[in-house]
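Asker: I would like the entire structure built from these sequences, with the hints used as guidance.
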Amino acid sequence: MEIDPFIFRLSIFILSIFIGYYVVWSVTPSLHTPLMSVTNAISSVIIVGAIIAALAGESGNVFDTANIFGYLAIILAAINIFGGFLVTQRMLAMYKKKKDKK
Amino acid sequence: MISSNLLAVFYLISGVLFILALRGLSSPETSRRGNLFGIIGMAIAIGVTIISVGNFSTGFLYLLVLMLIGGSIGSLIAFKIPMTAMPELVAGFHSLVGLAAVFVAISAFLNPEVFNLGSPGNIKIASLIEMSLGAAIGAITFTGSIIAFLKLRGIMSGSPITFFGQHYLNLFLGLSLIGLIFYLCKTQVDTWFWIIIAISFLVGILLIIPIGGADMPVVISMLNSYSGWAAAGIGFTLENTALIITGALVGSSGAILSYIMCKGMNRSFFNVILGGWGVTDQKSSSSSSKEQKPVKNGNADDAAFLMKNASSVIIVPGYGMAVAQAQHALREMVDVLKKNGVKVSYAIHPVAGRMPGHMNVLLAEANVPYDEVFELEEINNDFASCDVAYVIGANDVTNPVAKSDPESPIYGMPILDVEKSKSVLFVKRSLSPGYAGIDNDLFYRDNTLMLFADAKKMTEEIIKNL
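The listed protein sequences correspond, in order, to chains A and B. First residue of the first sequence: 1, per the working numbering; consecutive thereafter. First residue of the second sequence: 1, per the working numbering; consecutive thereafter.
These aren't lab readings, by the way, just hints derived from the structure by calculation. Just so you know, not all the hints are guaranteed correct.
Below, in silico cross-link-like pairs of lysine-lysine (DSBU-like), each with a Cα-Cα straight-line distance of 30 Å or less [what the hints assert, rightly or not]: (1) A/K98 - B/K338; (2) A/K98 - B/K308; (3) B/K339 - A/K97; (4) B/K80 - A/K97; (5) B/K308 - B/K422.
Answerer: The structure is reproduced here in structure tokens:
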């Protein structure tokens, strides 16, 4: 019998939860704030859905309602992607070891 | 353009890079490379999606312009935001992910052909369930984060808002959401879809208003988790592995953080979410006779004398330090102390501040080396051998009542054993109890010196006297 592709996606999902579980427990508590900002940035990968929604509609009809929601989502996700990664970078750049060790 | 198999492989690569991005955060040294992995993963995902759609007409131009606008706004915020405002920023960003998820779900619902989900009015049942769940969780994340943002920003009062039958109303709305999704699948009538989103917006607000300011670390982590589940829901709809992997990662990450925060307060997740403390406060704080007890009131001179003659000092920062922006002054004070041969370390309670790791970021901003900053378990035994504990803007996390009084609402919460050090310096604006509304016994002990002032001003005064 053929297996529904949904089952494969579900497997990926469940296994990713486990990966997330173990990876996040290994994150040092002092980096929990950067962890939140970077997870925030990567969850904006939802922009791929927005891009498809905005561009894949019938050509010539750019301002179809569905497309407009796509475009709006692109702006929101873009704010998050740039803001999230840059603010994480800014925070991480501040974590330094004792100077005399260098 | 690009075969869908190849596309799936690229999405998988993005997903793996995102895992590596989180993995990098296991130590500050590898964290910056981790962030780079994240950026590359994102660039790949966006790049291959644009190529796969293969529409380089006017729509593509709009896409570039919009990404440029969003990107500039994001970058501007990222560079301008002060580190003390990080909790608000993260809450704000969560709301954007939530709303983006809602918008993507709406366009998938309106134009399902584009995503191979069927046609309007005849969408695949599985897809319909997935997109309704994505939209509902996204909507809850959006309004919930907005409320969290307003509370953290101080625009809305941090005190819990409760009313009669609140939990029943939430339960009813939650159940009706399930019913509506079922109905939507059966009838495919779009009105139900809009009602689902509207109710979810409402649930987001109702869920967060009863939670008090001090519980914000849990709320922020929880909303972080929700934004992940919303992304995963959309990922299933769009059959996109990158989104599914990311959603699962973010979802479990937020859930773990919520768990750590709850453990830091010794409260169950449901206790926090249902808004516990606000109600019980009234009893303990209304007994005003307690405030008559004598306290030893000190000034900067006394504090400087004590610390200069100490051989080791442990600093306990809390939310008050963030409010007063005292981290830079604190670092200067520590520098002077170190020059005098005093051993100084920092002790951080898991729930200090308004979000996980809040204090660590502020200390890092003030150039405090991260190997001088310790977590509760690492440092708690050192208080017994330390001469001075300098508590700056923290209160509840040092309250010994958590160990001694089973009646107390914070009983069982792990605390920093500040009481064991030879002397304790409390920098506080007044004797007022902390967010938990509980009087702190430590204030009235013989070896405690209260320094009533703004955290920053007092620290600066001490530097002058050293």
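Asker: Are the hints correct? Go through all of them and say.
Answerer: Each hint tested on the structure:
no. : hint            : verdict
1   : A/K98 - B/K338  : holds, 13 Å
2   : A/K98 - B/K308  : holds, 22 Å
3   : B/K339 - A/K97  : holds, 18 Å
4   : B/K80 - A/K97   : holds, 25 Å
5   : B/K308 - B/K422 : holds, 14 Å
Taken one by one, the earlier hints all hold for this structure without exception.
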